[in-house]
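Number of protein chains: 4
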Amino acid sequence: MAEVRVGVLGGSGFTGGELLRLLALHPRVEVVFATSREYAGRPIHSAHPHLRGFYEGLRYSRIESVDLGSVDVLFNALPHGAGINYTSEAYDRGVTIVDLSADYRLKDASLYESVYGFKHPRPDLLEKAVYALPEIHGEELRGARLAAAPGCNATAAILAAAPLAASGLIDLDMGIVVDVKAGSSEGGSKPSKSNHHSLREGSARPYSPWGHRHAWEARQELSRLAGKPVKLSLVPHAVSMVRGAFASVHGWLVDGKGFNDVARAYASFYSGKRFVRVKPLAPGIPGDPPDVKNVIGSEFAEIGYSVEVEVGRVSGFAAIDNLVRGAAGQGVQAMNLMLGWPEGEGLMIPPLRP
Amino acid sequence: MAEVRVGVLGGSGFTGGELLRLLALHPRVEVVFATSREYAGRPIHSAHPHLRGFYEGLRYSRIESVDLGSVDVLFNALPHGAGINYTSEAYDRGVTIVDLSADYRLKDASLYESVYGFKHPRPDLLEKAVYALPEIHGEELRGARLAAAPGCNATAAILAAAPLAASGLIDLDMGIVVDVKAGSSEGGSKPSKSNHHSLREGSARPYSPWGHRHAWEARQELSRLAGKPVKLSLVPHAVSMVRGAFASVHGWLVDGKGFNDVARAYASFYSGKRFVRVKPLAPGIPGDPPDVKNVIGSEFAEIGYSVEVEVGRVSGFAAIDNLVRGAAGQGVQAMNLMLGWPEGEGLMIPPLRP
Amino acid sequence: MAEVRVGVLGGSGFTGGELLRLLALHPRVEVVFATSREYAGRPIHSAHPHLRGFYEGLRYSRIESVDLGSVDVLFNALPHGAGINYTSEAYDRGVTIVDLSADYRLKDASLYESVYGFKHPRPDLLEKAVYALPEIHGEELRGARLAAAPGCNATAAILAAAPLAASGLIDLDMGIVVDVKAGSSEGGSKPSKSNHHSLREGSARPYSPWGHRHAWEARQELSRLAGKPVKLSLVPHAVSMVRGAFASVHGWLVDGKGFNDVARAYASFYSGKRFVRVKPLAPGIPGDPPDVKNVIGSEFAEIGYSVEVEVGRVSGFAAIDNLVRGAAGQGVQAMNLMLGWPEGEGLMIPPLRP
Amino acid sequence: MAEVRVGVLGGSGFTGGELLRLLALHPRVEVVFATSREYAGRPIHSAHPHLRGFYEGLRYSRIESVDLGSVDVLFNALPHGAGINYTSEAYDRGVTIVDLSADYRLKDASLYESVYGFKHPRPDLLEKAVYALPEIHGEELRGARLAAAPGCNATAAILAAAPLAASGLIDLDMGIVVDVKAGSSEGGSKPSKSNHHSLREGSARPYSPWGHRHAWEARQELSRLAGKPVKLSLVPHAVSMVRGAFASVHGWLVDGKGFNDVARAYASFYSGKRFVRVKPLAPGIPGDPPDVKNVIGSEFAEIGYSVEVEVGRVSGFAAIDNLVRGAAGQGVQAMNLMLGWPEGEGLMIPPLRP
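Quick mapping for you: the protein sequence lines, in order, are chains P, H, F and L.
The numbering used here numbers the first residue of the first sequence as 6 and each following residue consecutively.
The numbering used here numbers the first residue of the second sequence as 6 and each following residue consecutively.
The numbering used here numbers the first residue of the third sequence as 6 and each following residue consecutively.
The numbering used here numbers the first residue of the fourth sequence as 6 and each following residue consecutively.
Hints may be right or wrong, so weigh each one.
Stated by the list, open to error - Calculated cross-link-like contacts (lysine-lysine; reagent style DSS-like; alpha-carbon spacing at most 27 Å): (1) 195(F) <-> 236(F); (2) 262(H) <-> 236(P); (3) 262(P) <-> 236(H); (4) 262(L) <-> 233(L); (5) 133(L) <-> 112(L); (6) 236(F) <-> 236(L); (7) 262(F) <-> 195(P); (8) 112(L) <-> 262(F); (9) 233(F) <-> 133(F); (10) 278(L) <-> 233(F); (11) 198(H) <-> 278(L); (12) 233(H) <-> 236(P); (13) 236(F) <-> 233(L); (14) 198(P) <-> 236(F); (15) 195(L) <-> 233(L); (16) 198(F) <-> 195(P); (17) 233(P) <-> 236(H); (18) 195(F) <-> 198(P); (19) 124(L) <-> 236(L); (20) 262(L) <-> 195(H).
Stated by the list, open to error - Computed, partial: chain H to chain F, Cβ under 10 Å: (21) 23; (22) 29; (23) 33; (24) 51; (25) 59; (26) 189; (27) 194; (28) 198; (29) 293; (30) 345; (31) 346; (32) 353; (33) 355.
Rather than coming from a laboratory, the hints here were simulated on the basis of the structure.
Glycine included, every Cβ here is placed at the ideal spot set by N, Cα and C.
Assemble the whole structure, with the sequences as input and the hints as a guide.
Structure representation (structure tokens):
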């Protein structure tokens, strides 16, 4: 018997589908509604043919027709801004909220206008929301009622850079550059010229190279860890894969520091974190590098680091599945923590490879 | 009637095959030999089934059995070090050399031991060799007899960064990070675990993240352009495509400089360069970004640039076909210039898209 | 100086782009107009970024505003039915027509209603049109003024099956099944759920499995070759590649016939055909099979055949590039033949591999 | 607490890795050994980096050093012939055997010499072995001690064709052609020219087109269902995906039969089969076709059927994940049945899409 009742806003896109896939494996929840404008009244497998045989009794609802108070936990998988009135109302009614959009990620309410183009209606909730990156805010999530799951590129960027920012090994005056390689599922399920198979397969190109929204989340979190403002830049690139976000965070070591210092920082920062795999990268150290191929379909993140001794460059790397660790899975992990369940409940699924 | 006789050392790998493809389209040359240990005695299409119908009279030779003096131009498509005795001998006998390996790229002979693991037998030739990036050394190539075609990652890095290095717009003390995304053909035709289709398709991962050989070429050339040593770091990544190298060069603007300065630098640097397409990237400027998809099979390079105003980050981008602009095609362009032919002879082939 | 002036109807889609790519390499033609509703008034590279640097003086025209009589040759790359009034008018005005749509492929006018959903306005032209598969109708094309370039799936099917149909080696009463594997570019450039990269990459699925339009062309041509009606079925499948159509034609040998008979039939049928590569497939015969990978970007077709002795099954295989041999390239080859030029003029381009 | 102890022969290849992935999700088993010559003495994640965090206490053993009698169930994931002495010995010692190779699939022992090149050492076990396709032999599996898991291509072929063979709707004298499209993981983890990413991505080509080993399994099973010998031919094709086997089974309807008869046959045959999704394909019937994309990572099979009315052709289609339903997953399902557990124990995992 499921312990909690769950509702999903925006259940027909890629993130919503991934959330439904993961919740089908979760032993303690029951999905009681999922909304979709396009698929309202139709079964879940009409949008997600791979889920045929799961959720067979459930049909998509219009968002206007669901009773927000009927659930214990509400996930929001709508685009930023589209669900904010529903999540804030549900919050006020006592529902636990896991928001997968950007609606509650930034602490500085004024940024919403410049970065996301809307004036935030509930700055009070920004203070209450926990930025749901479990390796950093795991403790705060316990008992919280509003989780803002990080963006996919931001998740990868922060995971790769956090030990560097927190340890003082990196020269923050030299700036940090985050170079992200992202799969086509990041752009969502709506067909467009940029995700046409013939034009995307075999492609490599930057997008939003003048500044990506997720940079603001990464600055917020890494500055907090560093204890001072971090000059961070983030450039995402569309590459040929379907799933995956790979962040390469490039910076420069402070004088006198080297690979061993970096190694200690990563080992220490991620000690005991079950969903993080730390991989040192240096000549002579055996083992394969972080690779999105190793984490597909799972909550695991592979983290690596390397130093180019000749010039003092240090890089942190993170490979994640953008739809799991970068969205739905991180939301489920947040729910587990918020409800006091084991962190990995329903998430100990080995990645799919090859 | 062909004007010059051409020989190819290492004709059965990916670079050799691409060279043969391009030379088949060149109106002024005749390939009189191509060497291969594995395919000796067999026709060209035994190694390159796509070339069936071309070179039908030609069979691979063992390198020991060819007469180096029988050709006007000798291309070397062997791995570094493997052909150096042959190319140096041929050079001494008066043959024009286009070397696609690293054997003559670095001006500092001492680097060969640390970077490539062999003591360079002919430092005298390093002085004579021209680093064959035509947009930079085009004039020197005219009449030269020894061209060292740049490495694929270095080509992309230098093309992306040259206007920044040459213009003084970038703060060199802040360092330059080159983040490269490379296709599987970069690794050559020999099967290995890292290029197994099941393990490479859908993958994104760094390689040689502690320092890549091509960084040395890029430092050499960009320092020359900048007039002082450039602190440059280069991190290549294996991504899911077959062809293509995409370099993202990240740096920081000197105070008071902005997008318009950068735009002028790129426009000026590449003015009149027929194989370069310059693409400004800023909100409100229409047009698609540089993409390897737009240059496949061709000598064209797409160059873009962008500025993240909030933090002062500037990026230069370059998309090339690693086998053409990053290897065989750049070699043919060098040959054209060395022999006094039109630069684009045999190379004005539109890219293949989609 | 170009010998003939060419116009292109429908120049902004994949087929139109491929035609423009090939015509840029053709030494005897000049493109004087290309039409596009979406891109009217804009340069060619606005639709085809890979063609930047080619056709720089040309901008797309609205179809209503072009003077059909201003060209010697008119190519039609519009969807079926959309260009028929223009091509028929131009034909009447003396222009040579190369139609890449289905508008003139079927000899039986009545089929247009059931198969393509429109009543053919000019049955008289169906008699005049030559079905432009050069290996079969090459002689008829010489001097003709209206060429109907075959469909991509039909081209592959007919090339694979023709020697079997013509030789009497196959038991026609047992039926012929054509199983096609097609790349995503077959579906055109318009974004849709079925060509979304995330949903197409890694996919394999049938489409129109109850009967595909191209089956009618294949029946028409193979029945003509066999001298009696051919019971042919055709099932296309969407697979994960971008370019390419691979047809596997499966039938059953008449009693007493075997591999050697089949080998003779293929060798004889394609003797002297420069754009066809014939590949026997049997244990002990060295060489690689027909592969779309070997013909990308080119007019070449790779044809193979095999016999499963235990049961008497015979298969013919054909690998083509759907946009070249299956569309634009075959149109150019038809033009060459119609104008009395060498068949391969502008088309002797080696395929791109890898 | 695990109920049964499991051993795995051949645990470092793709099939072995997939088996370990699935067994990690199975609540009733504990893997006590896994063998590998190449990785002996090293942890599981040395061969399967995606499994880091699972099986952390386990290291690969040499096959010679494991105690076959220490396990309740032994899986064999070695190539055909390589494990037969071990599995037969373990069987004799009372161990339950799930063999994923071809070693016990064929009932006719004499075929092993001609098809697999070795004389079968234990014809007595061929009689005892159950061909472990659960939709057909599910009842026989209950309580059995030796399961021969079907080959991947055979699984897809039989699932697609079984209702046609069993119902008498197909004219068996006209023959059946099975055309398979297979992903690169079918060829195993050993690097080779044929699975080099650069040469496989974007490729479509036949292999073993003169007769594939899996045809013999399909003939055996379909003939049994039909009650008479089935003239079946099978031609596999390598396509561009990583996972997946898609079988298209083409035949001809007996006179007077049509789509509705076929629909009834499929609905009836697969009624109540939880891992099969049946999809009618006809104009006007909504829904998406069977697609490997819909079953990746799972035991589900998508089955479709269509009729080309004009010629009487009927096709059955099956999409499976070759490593799950075509190998490791079907083995686990067999184990569940053999041990009297619920058929879907540990296997009710939703597929991964996109």
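A quick look at each hint next to the structure:
1. Note on residue 195(F) and residue 236(F): the hinted pairing is violated, with a Cα-Cα distance of about 34 Å set against a maximum of 27 Å.
2. The hinted pair formed by residue 262(H) and residue 236(P) meets the criterion: a straight-line CA distance of about 17 Å does not exceed 27 Å.
3. Using a Cα cut-off of 27 Å, the hinted pair residue 262(P) and residue 236(H) holds, with the two alpha carbons roughly 17 Å apart.
4. Restraint check for residue 262(L) and residue 233(L): satisfied, since their Cα atoms lie roughly 20 Å apart, inside the 27 Å limit.
5. Using a Cα cut-off of 27 Å, the hinted pair residue 133(L) and residue 112(L) holds, with the two alpha carbons roughly 9 Å apart.
6. Annotation: proposed proximity of residue 236(F) to residue 236(L) holds, straight-line Cα distance about 19 Å (limit 27 Å).
7. Pair hint residue 262(F) plus residue 195(P) does not hold up; C-alpha atoms about 53 Å apart against a cutoff of 27 Å.
8. Straight-line distance between C-alpha atoms of residue 112(L) and residue 262(F) comes to about 31 Å, which puts the hinted pair past the 27 Å bound.
9. With a C-alpha separation of about 22 Å, the suggested pairing of residue 233(F) with residue 133(F) holds against the 27 Å cut-off.
10. For the suggested pair residue 278(L) and residue 233(F), the alpha carbons sit about 45 Å apart, so the restraint of at most 27 Å is broken.
11. The hinted pair formed by residue 198(H) and residue 278(L) fails the criterion: a straight-line CA distance of about 38 Å is larger than 27 Å.
12. Restraint check: the Cα-Cα separation between residue 233(H) and residue 236(P) comes to about 26 Å, which is no more than 27 Å; the hinted pair holds.
13. With a C-alpha separation of about 26 Å, the suggested pairing of residue 236(F) with residue 233(L) holds against the 27 Å cut-off.
14. The hinted pair formed by residue 198(P) and residue 236(F) fails the criterion: a straight-line CA distance of about 40 Å is larger than 27 Å.
15. Between residue 195(L) and residue 233(L) the alpha-carbon distance is near 39 Å, which puts this suggested pair outside the 27 Å criterion.
16. Taking the CA atoms of residue 198(F) and residue 195(P), the gap is about 7 Å. The hint holds against a cut of 27 Å.
17. Among the hinted pairs, residue 233(P) with residue 236(H) is consistent with the structure: their alpha-carbon atoms are about 26 Å apart, no more than 27 Å.
18. Only pairs whose Cα atoms come within 27 Å are accepted, and residue 195(F) paired with residue 198(P) is accepted, the gap being roughly 7 Å.
19. Only pairs whose Cα atoms come within 27 Å are accepted, and residue 124(L) paired with residue 236(L) is accepted, the gap being roughly 25 Å.
20. Distance restraint check for residue 262(L) and residue 195(H): the Cα-Cα separation of roughly 53 Å exceeds the 27 Å cut-off, and the hinted pair is therefore not satisfied.
21. A cut of 10 Å between beta carbons decides the hint on residue 23(H): the least distance to chain F is about 9 Å, and the hint holds.
22. With a least beta-carbon distance of about 5 Å to chain F, the hint placing residue 29(H) at the interface is held under the 10 Å criterion.
23. The beta carbon of residue 33(H) is not positioned within 10 Å of any beta carbon in chain F (closest approach about 16 Å), and the interface hint is therefore violated.
24. The beta carbon of residue 51(H) comes within 8 Å of a beta carbon in chain F, closer than 10 Å, and the hint placing it at the interface holds.
25. Here the hint on residue 59(H) is kept, as its CB sits about 6 Å from the closest CB of chain F, short of 10 Å.
26. Taking 10 Å as the C-beta cut-off, the interface hint given for residue 189(H) holds, the closest approach to chain F being about 8 Å.
27. Checking residue 194(H) against chain F by beta carbon gives a least distance of about 8 Å; that is within 10 Å, so the hint holds.
28. A hinted interface residue such as residue 198(H) counts as satisfied when its beta carbon comes closer than 10 Å to some beta carbon of chain F; here the least separation is about 18 Å, so the hint is violated.
29. With a cut of 10 Å, the hint placing residue 293(H) at the interface with chain F holds, because the nearest CB-to-CB distance is about 5 Å.
30. At about 23 Å, the closest approach between the beta carbon of residue 345(H) and any beta carbon in chain F exceeds 10 Å, and the interface hint on this residue is violated.
31. Residue-level restraint check for residue 346(H) is violated (minimum Cβ-Cβ distance to chain F is 18 Å; threshold 10 Å).
32. Satisfaction of the interface hint for residue 353(H) is found here, the shortest Cβ-Cβ separation to chain F being roughly 8 Å, below the 10 Å cut-off.
33. Proximity of residue 355(H) to chain F holds as hinted, the smallest CB-CB distance being about 5 Å (cut-off 10 Å).
Violated hints, in rising order: 1, 7, 8, 10, 11, 14, 15, 20, 23, 28, 30 and 31; the structure is consistent with all others.
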